Structures are given as structure tokens and as C-alpha cells.
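K.L.:
The primary structure of each chain is shown beneath.
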Amino acid sequence: MQNKRNMSPKKVDIPVQDPIVRSGNFEEVALGYTEEMAIEEANRCLNCKHKPCVSGCPVNVKIPEFVMLITEGKFEEAYEKILETNSLPAVCGRVCPQESQCEAKCVRGIKGESVGIGRLERFAADWSMKNAEKKYDTVPFNGKKVAIIGSGPAGLACAGDLVKLGYDVTIFEAFHLAGGVLVYGIPEFRLPKDLVQKEIDGLVAQGVKIRTNMVIGKVLTIDELLEEEGFSAVFVGSGAGLPMFMNIPGENLNGVYSANEFLTRINLMKAYKEDAKTPIMRGEAVAVVGGGNVAMDAARSAKRLGAKDVYIIYRRSEAEMPARLEEVHHAKEEGIIFKVLTNPVQIIGDDNGWVKGMECVSMELGEPDQSGRRRPIKIEGSEHVIDLDTVIMSIGTSPNPLIRSTTPDLATNKWGCIEADAETGTTSKEGVFAGGDAVTGAATVILAMGAGKKAAKAIDEYIKSKEA
Amino acid sequence: MYKIVRKEILNSQVKLLEIEAPYVARKAEPGQFIILRVDESGERIPFTIADYDREKGTVTIIFQEVGASTLALGLLNEGDSLADFVGPLGVASELEGVKKAAVIGGGLGSAIAYPQAKKLNQMGASVDVIMGYRNKDIIILEKEMAEVSDRLFVTTDDGSNGTKGFVSDILQKLLDEGTEYDVVIAIGPAIMMKVVCDVTRPHGIRTIVSLNPIMIDGTGMCGGCRVTVGGETKFACVDGPDFDGHQVDFDELMRRLSMYKDKERTAVERHKCRLEDQVNAK
Ligand SMILES: Cc1cc2nc3c(=O)[nH]c(=O)nc-3n(C[C@H](O)[C@H](O)[C@H](O)COP(=O)(O)OP(=O)(O)OC[C@H]3O[C@@H](n4cnc5c(N)ncnc54)[C@H](O)[C@@H]3O)c2cc1C
Ligand SMILES: Cc1cc2nc3c(=O)[nH]c(=O)nc-3n(C[C@H](O)[C@H](O)[C@H](O)COP(=O)(O)OP(=O)(O)OC[C@H]3O[C@@H](n4cnc5c(N)ncnc54)[C@H](O)[C@@H]3O)c2cc1C
Ligand code: SF4
Ligand code: SF4
Ligand code: FES
Numbered sequence: 104m105q106n107k108r109n110m111s112p113k114k115v116d117i118p119v120q121d122p123i124v125r126s127g128n129f130e131e132v133a134l135g136y137t138e139e140m141a142i143e144e145a146n147r148c149l150n151c152k153h154k155p156c157v158s159g160c161p162v163n164v165k166i167p168e169f170v171m172l173i174t175e176g177k178f179e180e181a182y183e184k185i186l187e188t189n190s191l192p193a194v195c196g197r198v199c200p201q202e203s204q205c206e207a208k209c210v211r212g213i214k215g216e217s218v219g220i221g222r223l224e225r226f227a228a229d230w231s232m233k234n235a236e237k238k239y240d241t242v243p244f245n246g247k248k249v250a251i252i253g254s255g256p257a258g259l260a261c262a263g264d265l266v267k268l269g270y271d272v273t274i275f276e277a278f279h280l281a282g283g284v285l286v287y288g289i290p291e292f293r294l295p296k297d298l299v300q301k302e303i304d305g306l307v308a309q310g311v312k313i314r315t316n317m318v319i320g321k322v323l324t325i326d327e328l329l330e331e332e333g334f335s336a337v338f339v340g341s342g343a344g345l346p347m348f349m350n351i352p353g354e355n356l357n358g359v360y361s362a363n364e365f366l367t368r369i370n371l372m373k374a375y376k377e378d379a380k381t382p383i384m385r386g387e388a389v390a391v392v393g394g395g396n397v398a399m400d401a402a403r404s405a406k407r408l409g410a411k412d413v414y415i416i417y418r419r420s421e422a423e424m425p426a427r428l429e430e431v432h433h434a435k436e437e438g439i440i441f442k443v444l445t446n447p448v449q450i451i452g453d454d455n456g457w458v459k460g461m462e463c464v465s466m467e468l469g470e471p472d473q474s475g476r477r478r479p480i481k482i483e484g485s486e487h488v489i490d491l492d493t494v495i496m497s498i499g500t501s502p503n504p505l506i507r508s509t510t511p512d513l514a515t516n517k518w519g520c521i522e523a524d525a526e527t528g529t530t531s532k533e534g535v536f537a538g539g540d541a542v543t544g545a546a547t548v549i550l551a552m553g554a555g556k557k558a559a560k561a562i563d564e565y566i567k568s569k570e571a
Numbered sequence: 002m003y004k005i006v007r008k009e010i011l012n013s014q015v016k017l018l019e020i021e022a023p024y025v026a027r028k029a030e031p032g033q034f035i036i037l038r039v040d041e042s043g044e045r046i047p048f049t050i051a052d053y054d055r056e057k058g059t060v061t062i063i064f065q066e067v068g069a070s071t072l073a074l075g076l077l078n079e080g081d082s083l084a085d086f087v088g089p090l091g092v093a094s095e096l097e098g099v100k101k102a103a104v105i106g107g108g109l110g111s112a113i114a115y116p117q118a119k120k121l122n123q124m125g126a127s128v129d130v131i132m133g134y135r136n137k138d139i140i141i142l143e144k145e146m147a148e149v150s151d152r153l154f155v156t157t158d159d160g161s162n163g164t165k166g167f168v169s170d171i172l173q174k175l176l177d178e179g180t181e182y183d184v185v186i187a188i189g190p191a192i193m194m195k196v197v198c199d200v201t202r203p204h205g206i207r208t209i210v211s212l213n214p215i216m217i218d219g220t221g222m223c224g225g226c227r228v229t230v231g232g233e234t235k236f237a238c239v240d241g242p243d244f245d246g247h248q249v250d251f252d253e254l255m256r257r258l259s260m261y262k263d264k265e266r267t268a269v270e271r272h273k274c275r276l277e278d279q280v281n282a283k
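Chains as they are written, first to last, in the working numbering: chain A, 104 to 571; chain B, 2 to 283.
Everything labelled a hint here was simulated from the structure, so no lab data went into it. Bear in mind the structure is a predicted one, so any value in this text is a computation, not a measurement. Heads up, some of the hints might be wrong.
[Stated by the list, open to error] Straight-line C-alpha distance at most 30 Å; calculated BS3-like pairs for lysine-lysine: (1) Lys4/B <-> Lys296/A; (2) Lys4/B <-> Lys100/B; (3) Lys235/B <-> Lys459/A; (4) Lys406/A <-> Lys435/A.
Using the sequences provided together with the hints, build the complete structure.
P.N.:
Spelled out as C-alpha cells, the structure:
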């Protein structure tokens with residue numbers, strides 16, 4: 104096959120479901136590249152010597168190498184190249200904030216659009232899942248047991264690397280299903296759940312044990328894992344699942360959800376399906392308070408449940424929104440109404456205690472605060488009421504206190520995050536490592552995964568040093 | 002999988018299941034609860050730990066069939082297994098140092114209050130138990146409660162057995178007679194707990210109630226179970242389910258419990274239709 108460099112300033116379009124159609128279903132929005140499209144897009148890569156893109160990726164995926172393999176039609180080899188540093192390519196290709204990571208550094212982005220690295224990564228992973236037969240080399244156990252708490256991207260990545268080194272790895276998960284935010288938070292239309300399940304099945308095929316319904320801190324403590332259950336080390340990847348509320352009047356009215364509850368009912372409990380046993384409110388007029396990925400997911404899910412008007416209420420301007428660009432774009436296409444520079448003051452209930460509206464104030468941007476973003480200031484006299492029947496609070500999450508309250512010698516900071524070394528995941532407690540959202544607070548899949556991989560390396564070194 | 006090793010039918014709507022769950026049994030304490038799923042498509046439903054046997058590795062729950070999921074649970078038999086069973090969740094009841102207690106159960110709440118009465122009795126405390134039922138046909142656990150209490154009072158709303166009236170009337174009478182309690186534990190419908198709290202408040206008696214808001218995860222990650230206690234929002238699954246009854250906003254609790262009433266009714270109807278179909282097909 105003779106490939107010609109593609110000098111188009113624009114990415115090859117990725118086929119997507121029509122906005123009107125998709126806002127009524129939970130199937131995946133972006134449909135992915137065909138082989139031809141992938142090769143055409145891959146040919147936009149200049150195979151730069153200095154590989155600036157690689158430095159933008161938190162786990163340094165070998166980007167030009169895998170992209171060149173795609174240009175040659177060697178899709179499985181491309182997939183394996185990505186796997187060298189990234190254990191979840193099908194997931195990261197879909198959910199990474201590429202525009203601020205790998206693609207932000209791509210030289211093609213200087214004049215025109217960057218190479219569609221995320222799309223190509225996703226393509227390689229999907230191609231492999233569909234076409235290549237998966238064979239897992241199982242490494243004989245070395246007799247050492249490692250416990251992993253939490254089955255989100257941090258825990259899965261840590262488990263994957265340790266099992267390859269011969270460790271007998273057990274993941275303890277509080278829920279009845281493994282996957283963390285990938286299964287209970289991020290909706291099906293953005294990240295199909297069977298794809299996450301395949302990644303988990305792969306780990307199990309390699310010998311990782313998964314024990315669901317195990318709330319560490321309640322069923323077993325970390326001390327018991329180390330002292331009684333025979334584990335040589337513990338990795339804590341328990342995420343940041345505790346929802347925050349605004350503490351404004353009316354937050355406990357019927358019809359007010361945390362984004363976690365709303366999305367868990369939909370994703371984990373499948374409440375959107377007709378025959379689901381777990382109920383959900385199908386609001387007509389829904390406001391989601393917040394501007395991150397979680398808020399976009401909640402808003403787009405509410406739309407798919409049949410809401411007529413769905414608002415995103417965000418106190419800064421659109422430029423400050425932390426959500427992925429693609430999600431904001433998709434949300435707008437689906438008819439989500441963005442009310443930025445708006446902040447809720449109170450939620451108003453009817454006589455029966457159900458939400459009927461929310462009073463908000465308009466904001467303007469002042470001087471930059473510590474985070475470097477311009478601080479929103481209330482405009483006096485701008486109070487106004489939006490008529491609603493559902494409010495979804497999506498203003499952030501923090502780590503769950505269950506583990507820290509039952510492990511007193513595990514140091515945490517004032518936000519409740521576990522203190523751990525950024526390079527090794529080492530904590531204040533011997534034999535205990537941590538990473539992902541439990542350490543950083545709510546962040547990204549790729550950072551959590553990277554932290555899990557670094558900790559796996561440190562755990563291996565720690566256990567070997569104890570043997571020596 | 003979590004195997005059912007014993008099933009008992011306590012009355013027309015209330016059943017008891019003893020379930021194999023060694024990890025839960027090891028740590029279970031009175032006041033804590035579990036969450037289970039009947040099958041792979043089931044919803045997560047919470048139940049109080051009614052009893053546990055650390056040696057056998059079993060946990061007992063007592064439940065009332067009120068909707069689709071509890072009806073499905075009631076159809077299971079000894080030898081069947083549950084898809085999921087997680088616990089012990091929540092904080093154990095604070096019973097340390099109690100010398101004289103009144104344990105009050107309303108309806109099914111009597112069953113749920115049994116482990117507290119039993120533990121207090123084992124600790125050597127003097128325990129008065131007051132159980133209230135709508136009528137005599139649904140009285141449960143009378144023998145078990147008698148064994149762990151100094152005095153047992155049974156009331157029925159219609160007077161068909163025991164004293165006619167409400168549990169709060171008996172408590173009022175006992176207090177009027179000069180009985181002194183370190184603590185009153187009230188478990189049952191929200192309205193009953195509210196009334197009991199109104200009775201104990203003027204006497205300044207510590208009153209523990211066990212709240213049962215709608216829960217999903219039971220680990221503090223959804224906030225669906227939030228209740229207002231002393232003007233502050235608490236997550237009942239991790240901060241409770243026991244709370245100081247004098248601080249609880251019961252009206253809000255009752256309102257939030259009704260959130261899915263309509264939806265659940267349709268679920269039951271669907272479930273019943275399916276059952277009827279099954280029966281008709283035979
Ligand atoms: C709705 C939503 C959308 C998002 N969208 C994006 C996106 O587009 N791109 C992106 O990069 N990131 C996104 N994120 C963030 C990303 O998902 C998280 O940063 C990432 O999942 C963190 O991984 P983790 O492994 O640290 O924790 P989690 O994924 O949170 O997993 C933690 C696991 O630990 C379990 N657990 C907790 N406590 C215990 C315990 N005591 N015992 C046993 N198990 C326990 C939990 O049940 C959970 O399964 C999103 C998050 C949400 C909620
Ligand atoms: C901590 C706690 C302990 C409990 N202990 C017991 C017990 O020992 N025995 C017992 O019979 N019941 C107990 N319950 C109540 C029991 O969980 C509900 O009866 C059950 O979930 C109803 O499910 P359903 O589908 O059959 O009925 P549905 O038709 O779904 O609901 C009937 C009513 O039950 C309540 N309910 C529904 N779903 C939930 C849920 N997920 N969580 C809590 N309440 C819900 C609502 O008020 C609803 O209106 C407890 C609840 C809590 C929170
Ligand atoms: S893992 Fe994420 S940041 Fe890294 S190359 Fe892939 S899409 Fe880009
Ligand atoms: S910077 Fe862009 S063009 Fe250069 S190697 Fe990376 S992806 Fe290719
Ligand atoms: S049940 Fe979800 S936080 Fe309590």
C-alpha cells in the first residue's frame with residue numbers, strides 16, 4: 104500500500120449519530136473510524152523527530168510509532184504499541200481530554216487541527232477487540248499476594264501490571280460490579296459498558312481475582328488485609344466518590360439529585376431501560392449545576408430520559424468550563440441550554456415538597472483567583488427564577504472517608520485525599536500504596552491509570568526489597 | 002453467591018431468611034444493615050441485620066413484602082442464592098453503659114429492634130420491650146422478644162390482642178408511673194418514631210431512632226439517603242442509620258420516602274402480571 108501524506112488542515116471527520124436521533128437513545132454517539140478513514144487520518148502525522156505529542160500524554164503513549172503502524176495497515180501492532188504504556192486504550196481514546204494533552208502539543212495543531220490521536224487510539228483498540236483473537240500469557244504466581252482496593256482505572260491498571268509480574272492479585276470492590284466510574288459514572292453513550300467489561304474480562308483471564316461486595320473499612324480493614332489475610336502490600340484506588348452539595352436552601356427537596364445518584368441509577372442500575380427495577384425521575388425541566396464532564400453527562404442523560412428543557416447552570420463563563428470540548432459541543436448539538444455566569448441561590452419547592460424552580464443570580468468575572476481562573480462575582484439585583492422539576496448537583500466530589508476513618512495511620516490532607524508520593528504511590532503506612540482520584544481528588548482516567556501503573560512498579564520493588 | 006440456608010414465614014407478609022455470608026457475619030453488630038440484590042437485574046435493597054451467627058457464618062434478615070423487589074425476594078426458597086449481599090454497613094448502635102432501656106418496635110420494626118434488645122439483655126441491662134401491631138394476625142417474634150426482655154408489652158391498633166392502642170401510649174404510661182430509662186430505642190414507621198420522640202422529649206430521655214430512607218449504594222457515594230439531623234444534612238447509610246431522634250426532621254424523611262411511590266406501583270403491577278402469566282401458563 105502506497106501512502107501519501109495527508110496535508111489537510113482538518114481531521115478526518117468521525118461519523119456520529121445524528122443529534123436528534125441520539126438524544127433519544129443511549130447508544131454511543133461517535134461511531135469511530137473505518138480502516139480507510141483511520142489510514143487517511145494517520146497520514147496527517149508528520150512522524151516528528153521530537154515527538155512533542157508524547158510529552159503531552161500523561162503516560163507517554165508512543166504516538167508517532169503507533170500512528171505510523173496504522174498508516175501501514177498494521178492495526179494489531181499499533182494496538183500493541185499503545186498497550187506498552189497504556190492499559191486502557193479503548194477507554195482513553197474515548198474519554199481523555201486530548202485537546203489539553205497529547206493533541207495540544209501536536210505540531211499539526213499550529214496551522215489547523217492536530218492529528219486525531221484519540222480517535223486513532225480508539226480505532227486501534229476497537230479494531231483489535233473486533234478482529235484479533237485475544238490470547239493472554241499467564242505468568243506463574245510467585246507466591247506473593249497483593250490487594251487492590253477499588254476497581255476503577257487506577258486499580259485495574261495496577262492489577263494488570265502486577266499480575267504480569269507474577270503476583271497473586273485480588274481486587275476488592277464495594278459495588279456489585281467492577282469498573283469504578285467507568286461503569287457507574289460515564290454513560291453508555293460515551294463509553295459502552297461491554298467494552299469496559301472486556302477489559303476486565305482480560306484481567307481475569309490473566310489471573311486477577313475480583314471480589315465484589317467488599318467494602319474495605321467495613322468488611323475488612325487494611326490492617327486485616329496485611330496482618331490476617333496474608334497480603335504483602337495494598338494499593339488503594341478507591342476514587343473520589345463522595346458528592347458535594349452547595350448547602351443552599353431546598354437541597355433536600357424531592358427531585359434534587361447528586362450527579363452521582365442520578366448517573367448511578369442510570370448507568371449501574373440501568374434505570375433508563377423500560378424493564379429496569381431501579382426507578383428514576385424523568386423530569387420535564389431539568390437543571391444541572393456545574394460545568395465539568397460529570398455535569399455534561401448528567402445533562403445529556405436527562406435529555407435522553409425525555410426531558411424537554413435541560414439547562415447547564417455554571418457560575419463562570421464557557422471558557423472556564425472544565426469539561427472536554429467534544430462533550431460541550433455534543434451537548435449543544437443535542438439541545439442542552441447553557442446558562443453560564445449564573446449561580447443558584449436556593450431551590451424552591453411546591454406545597455408537597457417537590458422541586459418547582461430554582462432562584463439564581465447572574466455573575467460577572469473579576470480578577471483571577473489562586474486557580475488562575477477569573478473569580479465570578481455576583482451582580483446585585485440580578486435574582487431570577489427558572490421553572491424546574493429536577494435539579495442535579497454536579498459541583499464536585501471528594502474521597503470517601505470510609506478508608507481513612509478505619510486506617511488511622513494513613514495520612515490524609517485537609518481535603519480528605521490520601522497523601523502519596525506522585526512517582527511511587529508510597530503512603531505514610533508501610534506496605535500501603537495509593538493512587539488515582541483517592542489521592543488527587545476528582546481528576547482523569549488517564550492520570551488514575553498512570554498512578555496505578557507507577558504504584559505497581561513501586562509495589563514490586565517494595566516486596567522484592569523485603570525478601571532480600 | 003449467597004445461599005439461603007433457612008426460610009421462615011412469620012406472617013402473611015413477613016418472612017425471615019438466614020443467608021450464608023461469612024464476611025458479613027464476622028463483623029455484624031446490632032444497628033447495622035446489609036444491601037442485597039435478588040438477581041443480576043435486581044435493584045439494591047437495604048435490610049437491617051436481624052441476627053447473625055459468627056460461627057455458622059450466617060446473617061438473618063426479616064422483611065416485609067411491600068413492592069416488586071421484596072416480593073421477588075419472598076419467592077426464594079432454602080437452597081436458592083442471592084446475587085449480591087454486602088455489609089455490614091452503617092454504624093453499630095451505641096449501647097455502651099446502658100442500664101435500663103425501653104426498646105420499642107412498630108410492626109416490622111419489632112423484628113428490626115430484636116438484636117438491640119438481645120444485646121442489651123446480654124450486657125446485663127434491664128430491658129422493657131414494647132411491640133405494636135395493627136392486629137393480632139401479624140404479631141411476630143413474641144417468644145424471642147419475651148426471652149430477652151424483663152417486661153414485654155404488646156399493643157394492637159384494634160385491640161385484637163394485648164392492649165388496644167399505640168406503643169407511644171404504653172411508653173407514656175410507663176413514664177407517668179415514674180419508670181426511668183437511660184435510653185429509648187424506637188424502630189418502626191417514621192410516624193411512630195416521631196410520636197415516640199414527642200413523648201420522650203419533655204423527659205429529656207436519650208432516644209435513638211433507626212432511619213430507613215431510600216438507599217442505593219449504602220457507602221456514601223450517592224447522597225440519596227440524606228436526612229436532616231439537628232439542621233445538618235447527614236447520609237444515613239454512613240452516619241447512621243441510628244440517630245438522635247430528637248434532632249431528626251421526620252417530615253422531610255416521610256416526604257423523601259414517597260419519592261418513587263408511583264413508579265414502584267407500576268413495578269409491582271408489572272411483576273404481578275408476570276407472575277400471573279407464569280401461573281396461567283402452567
Ligand atoms: C460522570 C463522570 C464523567 C467523567 N468523565 C471523564 C472523562 O470524560 N475523561 C476523563 O479522563 N475522566 C472523566 N471522569 C473522571 C474519571 O472517571 C476519574 O478520574 C477516574 O475514574 C478515577 O479513577 P480511580 O480508579 O481513581 O477511581 P474510580 O473510578 O472512582 O474507582 C474507585 C472504585 O473504588 C471503589 N471503592 C471506593 N471505596 C471503596 C472501599 N472502601 N472498598 C472497596 N472499594 C471501594 C468504588 O466503588 C469504585 O469502583 C469522569 C468522572 C465522572 C464521575
Ligand atoms: C437501613 C434500612 C434498613 C431496612 N431494614 C428493613 C428490614 O429489616 N426489613 C424490611 O422489610 N425492610 C427494611 N427496610 C426497607 C426496605 O429496604 C424496603 O422495604 C425495600 O427496599 C422495598 O423494596 P420493594 O421494591 O419491595 O418496594 P418498593 O415498591 O420499591 O418500595 C416500597 C417503599 O419502600 C421504600 N423503599 C424503596 N426502595 C428503597 C430503597 N432502595 N431503600 C430504602 N427504602 C426503599 C420506599 O419508601 C417505598 O415507597 C430498610 C431500609 C433501610 C434504608
Ligand atoms: S492516553 Fe490519552 S493523552 Fe495519551 S495519547 Fe492516548 S488519548 Fe492522548
Ligand atoms: S506532534 Fe502530531 S504530527 Fe508530530 S508526531 Fe506527534 S502526532 Fe504526529
Ligand atoms: S445510600 Fe448512597 S449515600 Fe447513602
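K.L.:
Now tell me if each hint is right for this structure.
P.N.:
Okay, the hints, checked on the actual structure:
1. Restraint check for Lys4/B and Lys296/A: satisfied, since their Cα atoms lie roughly 28 Å apart, inside the 30 Å limit.
2. Pair hint Lys4/B plus Lys100/B does not hold up; C-alpha atoms about 38 Å apart against a cutoff of 30 Å.
3. Our distance criterion of 30 Å between C-alpha atoms is met by Lys235/B and Lys459/A, whose separation comes to about 24 Å.
4. With a CA separation close to 11 Å, the supplied pair Lys406/A and Lys435/A stays within the 30 Å bound.
Hint check: a violation occurs at hint 2 only; the rest are consistent with the structure.
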